[in-house]
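Protein chains in written order, with the numbering used here: chain Z, 2 to 425; chain P, 2 to 425; chain A, 2 to 425; chain U, 2 to 425.
These are calculated hints, taken from the structure and not from any lab test.
Bear in mind the structure is a predicted one, so any value in this text is a computation, not a measurement.
Where a beta carbon is used, it is the ideal one built from N, C-alpha and C, also for glycine.
Hints may contain errors.
Stated by the list, open to error - From the structure, some residues in chain A lie toward chain Z, with a derived Cβ separation under 10 Å: (1) ASP22; (2) LEU26; (3) HIS29; (4) ARG32; (5) THR46; (6) TYR47; (7) ILE294; (8) ASP295; (9) LEU366; (10) MET367; (11) ARG377.
Said to hold, decoys possible - Computed list of lysine-lysine pairs in BS3-like fashion (alpha-carbon distance at most 27 Å, straight line): (12) A:LYS357 x U:LYS139; (13) U:LYS357 x A:LYS139; (14) U:LYS245 x A:LYS273; (15) P:LYS43 x P:LYS171; (16) Z:LYS273 x P:LYS245; (17) P:LYS171 x P:LYS112; (18) P:LYS5 x P:LYS409; (19) U:LYS273 x A:LYS245; (20) Z:LYS43 x Z:LYS357; (21) U:LYS409 x U:LYS5; (22) U:LYS273 x A:LYS273; (23) U:LYS409 x Z:LYS139; (24) A:LYS139 x P:LYS409; (25) U:LYS171 x U:LYS273; (26) A:LYS273 x A:LYS43; (27) U:LYS357 x U:LYS112; (28) A:LYS5 x A:LYS409; (29) U:LYS273 x U:LYS43; (30) P:LYS139 x A:LYS409; (31) P:LYS273 x Z:LYS273; (32) Z:LYS273 x Z:LYS357; (33) Z:LYS43 x Z:LYS5; (34) Z:LYS139 x P:LYS357; (35) U:LYS139 x Z:LYS409; (36) Z:LYS273 x Z:LYS171; (37) Z:LYS245 x P:LYS273; (38) Z:LYS357 x P:LYS112; (39) A:LYS5 x A:LYS43; (40) Z:LYS245 x Z:LYS273.
4 protein chains.
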Amino acid sequence: MINKDAVEQSNDAARAQLAADYDALGGHLERRGIDIDAVKAKVATYGVAVPSWGVGTGGTRFARFPGPGEPRDIFDKLDDCGVIQQLTNATPSVSLHIPWDAQPAADLIAKAEEVGLRFDAMNSNTFQDQPDQAHSYKFGSLSHVDAATRQQAVDHNIACIELGEQIGSKALTIWVGDGSNFPGQTNFTRQFERYLDAAREVYGALPADWTLLTEHKMYEPAFYSTVVQDWGTNLLIAQQLGDKAKCLVDLGHHAPNVNIEMIVARLTQFGKLGGFHFNDSKYGDDDLDTGSIDPYRLFLVFNELVESAERPDFDPMHMLDQSHNVTDPIESLMTSAMEVQRAYAQALLVDRTALKGFQEDNDALMATTTLKQGFRTDVEPILAMARLEAGCAIDPIAAYRAAGYRAKVAAERPALSGAGGGIV
Amino acid sequence: MINKDAVEQSNDAARAQLAADYDALGGHLERRGIDIDAVKAKVATYGVAVPSWGVGTGGTRFARFPGPGEPRDIFDKLDDCGVIQQLTNATPSVSLHIPWDAQPAADLIAKAEEVGLRFDAMNSNTFQDQPDQAHSYKFGSLSHVDAATRQQAVDHNIACIELGEQIGSKALTIWVGDGSNFPGQTNFTRQFERYLDAAREVYGALPADWTLLTEHKMYEPAFYSTVVQDWGTNLLIAQQLGDKAKCLVDLGHHAPNVNIEMIVARLTQFGKLGGFHFNDSKYGDDDLDTGSIDPYRLFLVFNELVESAERPDFDPMHMLDQSHNVTDPIESLMTSAMEVQRAYAQALLVDRTALKGFQEDNDALMATTTLKQGFRTDVEPILAMARLEAGCAIDPIAAYRAAGYRAKVAAERPALSGAGGGIV
Amino acid sequence: MINKDAVEQSNDAARAQLAADYDALGGHLERRGIDIDAVKAKVATYGVAVPSWGVGTGGTRFARFPGPGEPRDIFDKLDDCGVIQQLTNATPSVSLHIPWDAQPAADLIAKAEEVGLRFDAMNSNTFQDQPDQAHSYKFGSLSHVDAATRQQAVDHNIACIELGEQIGSKALTIWVGDGSNFPGQTNFTRQFERYLDAAREVYGALPADWTLLTEHKMYEPAFYSTVVQDWGTNLLIAQQLGDKAKCLVDLGHHAPNVNIEMIVARLTQFGKLGGFHFNDSKYGDDDLDTGSIDPYRLFLVFNELVESAERPDFDPMHMLDQSHNVTDPIESLMTSAMEVQRAYAQALLVDRTALKGFQEDNDALMATTTLKQGFRTDVEPILAMARLEAGCAIDPIAAYRAAGYRAKVAAERPALSGAGGGIV
Amino acid sequence: MINKDAVEQSNDAARAQLAADYDALGGHLERRGIDIDAVKAKVATYGVAVPSWGVGTGGTRFARFPGPGEPRDIFDKLDDCGVIQQLTNATPSVSLHIPWDAQPAADLIAKAEEVGLRFDAMNSNTFQDQPDQAHSYKFGSLSHVDAATRQQAVDHNIACIELGEQIGSKALTIWVGDGSNFPGQTNFTRQFERYLDAAREVYGALPADWTLLTEHKMYEPAFYSTVVQDWGTNLLIAQQLGDKAKCLVDLGHHAPNVNIEMIVARLTQFGKLGGFHFNDSKYGDDDLDTGSIDPYRLFLVFNELVESAERPDFDPMHMLDQSHNVTDPIESLMTSAMEVQRAYAQALLVDRTALKGFQEDNDALMATTTLKQGFRTDVEPILAMARLEAGCAIDPIAAYRAAGYRAKVAAERPALSGAGGGIV
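If we strip away everything but chain Z, and leave its shape as in the complex, we get:
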């Protein structure tokens, strides 16, 4: 973890400036009729889960370029995740990917306690073959034509639930790459029937207080069709399985130009919004840092969430899901968690009474201006003050760099070589 003195030192350099900025913003918000401290209080309790796999360097099918100090296992990963939470207070939980992170529950719990984290949703993996696996997922998993392969995938998902139960998780997220690369390769209907049958088995093994999150994705790794290709199919799954089944929305898994915030609204309206994988993208499932490409889109998603906050039983799960190919993953995750907080804070600033009035008057210009006023506000002082008051860093990147954490773990963790080969 990061040395507390390093954090303090970093904060000392910025404390006075933050106080001035916070006061200035507070004054401005007061003139808009908003209590800055109330906003700060909400931000302070907001958290987004970190994916365990996110602290390793990502890559593409062409290559992966590891950085120094790559985590060797889930325990190293939890160390890294602990740093993110220590400096930002924005990421209180970690989401595990099985079998990558499969370890004895007691060890996982102990390590999580040590680094001050909880466990978020469990993630199963039936898009890769493991060395000792009986049946290959080359042609699918839950929707495979072969019953034994489907059963293997079902069993793996149930094993994920079982481990999750031991470590305090309350949800299983299923993403499958099943689909096809050629017209005619699969029969769409029979494939989806098989998927539903298998998913029902997994659903049947779900504890009463768990949620099953299914995730849609337009394409990749399948390049002609994907069995859960969009929110329409995802909704059908959740409807077919039952009340504990809900839809997970990954911001990068849609067709070009799609209005994602509207999908969020629809799923919310029908009680089927289960959670998010936050990231950003320009082209496909680019898995870029949240808010790095289109921050207004992120804000518009949070606008829907704040709008629906008072709905009964509305409590979608929030997780980052990114691939950090050219940055220090810890830095990207800290920045992204803060971007999520930023969008949330901005959405909290929207004058919803005024907005509703403009909507009812068909005053499109003032409605959109009202929304944008929230987005336009620089809420950084609110986020920074919430961090400072939680004992974290005003400027987490600066503190992290000053503390030399990366160099320290690089010295402990062997450099990866030959990992840059890629798959073309």
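Please arrange chains P, A and U on chain Z, whose structure you already have, making use of the hints.
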């Protein structure tokens, strides 16, 4: 209508060549184990509805360039549609758009009988304001914030049903342009609630043997959000309304890259595929001639339809919906109807037993090759022979041109001027 | 024009709050080492041209819903444009569209002086047919297969230059809709050769101090191919014609997902960036209000412009080009002009020395954070103070509404009826 | 290689049917005024290069699922490529990727002679790090900020030329993944200047009779910007470097909806079309089998090539570039090579005199119908007869399977395990 002698004369010029081509193809198909006459028989009974508005020249917001002999009213339009059916035998029915085509039922019936046509689905219009209209649809129709405007839209749809009942239609198609141009302009959820309430009223007025078809579209005329933006929302509507409510798929109304044939499969699987608007597109809702841009995509849609042909209660409606900006609309509609027939005939040729086997073996290459063998076959002789045997034209375009129909109606129908102004 | 007292009254209500906000922001920027007054000074001299056609209500091929007080001619339009400049000081010039705005030069000049405006680039129109036109543009204009049609289009462009010279314009913008709707309809190469030949004729008529701006667009009104479909073809045109020929970038004229700011950089690097049509879009050429959908993209474009500001002979023209379908066009144009100013002000705040350093260190995270810090800053007080000091409105929308301008012109200008017909 | 008897046996089973089909098609074409033997003769001399890396199973960042008998090195790969050519006569040459295929020239030449192949363009690789590499390409290669890294990339390209010269290649293809993942990460202009400087060095090392092919790609592996992002930038490169520099078009490297055949026409018109990487795609750079998704698009590209065939100095290089994730790569490459031949044969059938006439008459409908008549024709008998007459297989897939080649090499080449890990 077209002079029968002109058709005969045109056919005489091509008859021998067709016979030779038909025999050659018959021999080839026999070697593949397919009876050409059986395919021809199926094609001969296939029909796609023509949209009444399709026989006028279309345009864009920038301009419209009318051609000679533009139809002046629904009776002129029915004349033109009659020609299409006379020459192709592929378009036995016409779909009306109200109020554009609103005329006394008896007159419509009489004219339809005269030109040998039936009436397909009725189409309502709440995306434009009519001169004498009490409430404007500028900010929406069925989903408008104002109850009186919604009621006006509901009443209009019910009036469409009533006229439809008198003329033998069995379906109402609703497409609304409702949506928004700015983030925040509308509340997605409340807007959709209003839409559903209004649609329920229309549904309530539906005769027992009618179908309500709702049509989704990603964008245009609304450019930020559209209330029925995709098949997911369309499915929710059909689910909420009841068994007589189904989804209409327009091939040009989807996001870029979307797998449309898969949407067709999903809606079919859950009993909600109601019908099609056929056309083709490269960029957006281009409304180009069916099969003119991506004929394989059209074939893949028909592959799904043939695959599902034996499902109980599976009988989606087929209609062309195109904008003919640079061609003679009659020629485009004849060609497009034949393209739809072509895709159907090609899909009939697929060896489905072999295909299923390859799918079960995960033999992607042979599965896709099997599918493509159907597409690759030049079925023109089958279509032409079916036309000839029905007393139509072997080459409808040649016959139409030879008959001089366009010149004749141009002499009767005044040229439109000043219609090219456009809306920028 | 707007009554000055109304503006004063509106300003009085906001003056104290603005002073406080400006001071607060000034303090914050000072802590970042930035002099707020220097930024304000730059913003105060920045202007974007208004399109004359933008003050009328726009529409789609489906319908147009006019608002009250639609301008009847260019003189009404100049009145409306004068209001925009009076309240914002951000739009000192107007761009005319010929023949829509063709009037005697003396009258145009007199009216422009009256309302305090200059004339920006001239726009020709060969995408519509005019009532008295010898040759139709249905199948193209500058690239038409028929020489006489091409000559007519050339002559029209030269006439635009001649009128422009008389009223002080220094540029001609050519956008043509030429293309095709079907594969095979045109020969791409011969069509482009014809375009180049015709464009050379227009270029030959260009005064020495004029610029010829050609505009690319992916599609619409042509839906299979467009002769100037992208910046690559646009660049070829500018290269072929000569030094006075440059490329105009409309933000809405690109393929989905395209990195527009990079195109701006490439054209700049090779001396061929001629100007902009600012607007925003989510799907196609939606012509939505600038900055309303993706404000960060607008900022990234301005980041390129500020980055290149010191290049010799770098002076692209800036114009809004939007379609206002659901808002008061004056309000949309004021808001959009301010959004352009906002992006400019934000780009001025970027610490370019730090940015360059991070780029050279491959410190992607700090580079993007540095850029975003500029974007994140709420520069509204700078824009508002610049307006106030220029005698304009702190809140132009509020002032405009308070002044009752729309109601006043609605009383003078007859309501349009029957204009909502649309082209489907 | 494949046992000749197995091929003969396979051919015997199909010979009579082919003769009948060929005669039937010949008769049909004769009725259209086309000499089938002349078309066959052209097809018989047509060839497309095979990529050495294409005979291994591809994958995605998520996983790779190897098949049996994966080639271990370039010699195994050449064996596999030899089989493709032996059975199809459509792939007379192989394109090497360095350093993957770097071996002594004499050994390469000997092996190529053994399997009856020539060497097509050389491909350099600066998108991955090799184990012994001094400088990493994590942040770019030819455009890297660091001069030593750029030099390393330049030197590697020159080494590729040197090896290529020894083995009879006449072209170097450069594709770099250089770009950025974050706005601000790179300065677009300086990055492109560096690219051009480095490319000039490579160009300087080019033998007089060589061509330098540069390849553009919209995105992946870089997800915000790519230095050679589109044909516009690619054209600038070719213009800056000189006459021996031309543009390579990979069908999968464009923005959604882009009209690729038009890009082909533009590059041809300005003498800069250097060659192709054929494949197909639905979403991004999916690298699917050529013609498997949109065969009409492939035909439209070949329509341009046949249209330009008489241009002086027009001789673009043709290569397949695909990723075979779920099929036997040899089968996919054989099928794809035949699809390229098919598109070529179909384009040869177009009545170009008629087409030109319709274009000049603005007869869009007949122009597109004329084009499509070529596409619609089932030319399989022509391709098969050309193969048979060249001593190859009427049905290469059937012959290949019957010969048991895959099982044979699977027995010789060790199964890959642990290769399915993927990069997420």
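Outcome of the hint check:
Because the closest C-beta pair between A:ASP22 and chain Z is about 6 Å apart, less than 10 Å, the hint holds. This hint holds: A:LEU26 has a C-beta 8 Å from the nearest C-beta of chain Z, less than the 10 Å allowed. A hinted interface residue such as A:HIS29 counts as satisfied when its beta carbon comes closer than 10 Å to some beta carbon of chain Z; here the least separation is about 6 Å, so the hint holds. A hinted interface residue such as A:ARG32 counts as satisfied when its beta carbon comes closer than 10 Å to some beta carbon of chain Z; here the least separation is about 5 Å, so the hint holds.
The restraint placing A:THR46 at the interface with chain Z is violated, with a minimum CB-CB distance near 23 Å, outside the 10 Å limit. With 10 Å as the threshold, the beta carbon of A:TYR47 stays out of range of chain Z, its nearest partner Cβ sitting at about 19 Å, so the hint is violated. The beta carbon of A:ILE294 is positioned within 10 Å of a beta carbon in chain Z (closest approach about 8 Å), and the interface hint is therefore held. Using the Cβ-Cβ criterion of 10 Å, the hint placing A:ASP295 at the interface with chain Z is satisfied: the shortest such distance is roughly 6 Å.
With a least beta-carbon distance of about 5 Å to chain Z, the hint placing A:LEU366 at the interface is held under the 10 Å criterion. Taking 10 Å as the C-beta cut-off, the interface hint given for A:MET367 holds, the closest approach to chain Z being about 7 Å. Checking A:ARG377 against chain Z: minimum C-beta separation of about 5 Å stays under 10 Å; hint holds. Pair hint A:LYS357 plus U:LYS139 holds up; C-alpha atoms about 19 Å apart against a cutoff of 27 Å.
Of the pairs offered as hints, the one joining U:LYS357 and A:LYS139 holds, with about 19 Å between alpha carbons and a cut-off of 27 Å not exceeded. Only pairs whose Cα atoms come within 27 Å are accepted, and U:LYS245 paired with A:LYS273 is accepted, the gap being roughly 25 Å. Note on P:LYS43 and P:LYS171: the hinted pairing holds, with a Cα-Cα distance of about 23 Å set against a maximum of 27 Å. Taken as a hint, the Z:LYS273 and P:LYS245 pair is honoured in the structure, with Cα atoms around 25 Å apart against an allowance of 27 Å.
Note on P:LYS171 and P:LYS112: the hinted pairing holds, with a Cα-Cα distance of about 19 Å set against a maximum of 27 Å. Distance check on the hinted pair: P:LYS5 and P:LYS409 sit about 15 Å apart at the alpha-carbon level, within 27 Å; holds. Our distance criterion of 27 Å between C-alpha atoms is met by U:LYS273 and A:LYS245, whose separation comes to about 25 Å. Of the supplied pair hints, the one linking Z:LYS43 and Z:LYS357 holds, its CA atoms being roughly 22 Å apart against a limit of 27 Å.
Among the hinted pairs, U:LYS409 with U:LYS5 is consistent with the structure: their alpha-carbon atoms are about 15 Å apart, no more than 27 Å. Taken as a hint, the U:LYS273 and A:LYS273 pair is honoured in the structure, with Cα atoms around 20 Å apart against an allowance of 27 Å. Between U:LYS409 and Z:LYS139 the alpha-carbon distance is near 22 Å, which keeps this suggested pair within the 27 Å criterion. With a C-alpha separation of about 22 Å, the suggested pairing of A:LYS139 with P:LYS409 holds against the 27 Å cut-off.
Among the hinted pairs, U:LYS171 with U:LYS273 is consistent with the structure: their alpha-carbon atoms are about 16 Å apart, no more than 27 Å. This hinted pair checks out: A:LYS273 and A:LYS43 have alpha carbons roughly 25 Å apart, not beyond 27 Å. Our distance criterion of 27 Å between C-alpha atoms is broken by U:LYS357 and U:LYS112, whose separation comes to about 47 Å. A threshold of 27 Å between alpha carbons decides the hint, and for A:LYS5 with A:LYS409 the separation of about 15 Å falls inside it, so the pair holds.
Straight-line distance between C-alpha atoms of U:LYS273 and U:LYS43 comes to about 25 Å, which keeps the hinted pair within the 27 Å bound. For a cut-off of 27 Å, the pair hint linking P:LYS139 to A:LYS409 stands: about 22 Å separates their Cα positions. This hinted pair checks out: P:LYS273 and Z:LYS273 have alpha carbons roughly 20 Å apart, not beyond 27 Å. Proximity of Z:LYS273 to Z:LYS357 is assessed by CA-CA distance (about 24 Å); at most 27 Å being required, the pair is judged to hold.
With a C-alpha separation of about 25 Å, the suggested pair Z:LYS43 and Z:LYS5 falls inside the 27 Å cut-off, and the hint holds. For the proposed pair Z:LYS139 and P:LYS357, the alpha carbon gap of about 19 Å is at most 27 Å, so the pair holds. At most 27 Å may separate the alpha-carbon atoms for a hinted pair to count; U:LYS139 and Z:LYS409 meet this at roughly 22 Å. Restraint check for Z:LYS273 and Z:LYS171: satisfied, since their Cα atoms lie roughly 16 Å apart, inside the 27 Å limit.
For the proposed pair Z:LYS245 and P:LYS273, the alpha carbon gap of about 25 Å is at most 27 Å, so the pair holds. For the hint linking Z:LYS357 to P:LYS112, the alpha-carbon distance of about 51 Å lies beyond 27 Å, and the restraint is violated. Proximity of A:LYS5 to A:LYS43 is assessed by CA-CA distance (about 25 Å); at most 27 Å being required, the pair is judged to hold. This hinted pair checks out: Z:LYS245 and Z:LYS273 have alpha carbons roughly 9 Å apart, not beyond 27 Å.
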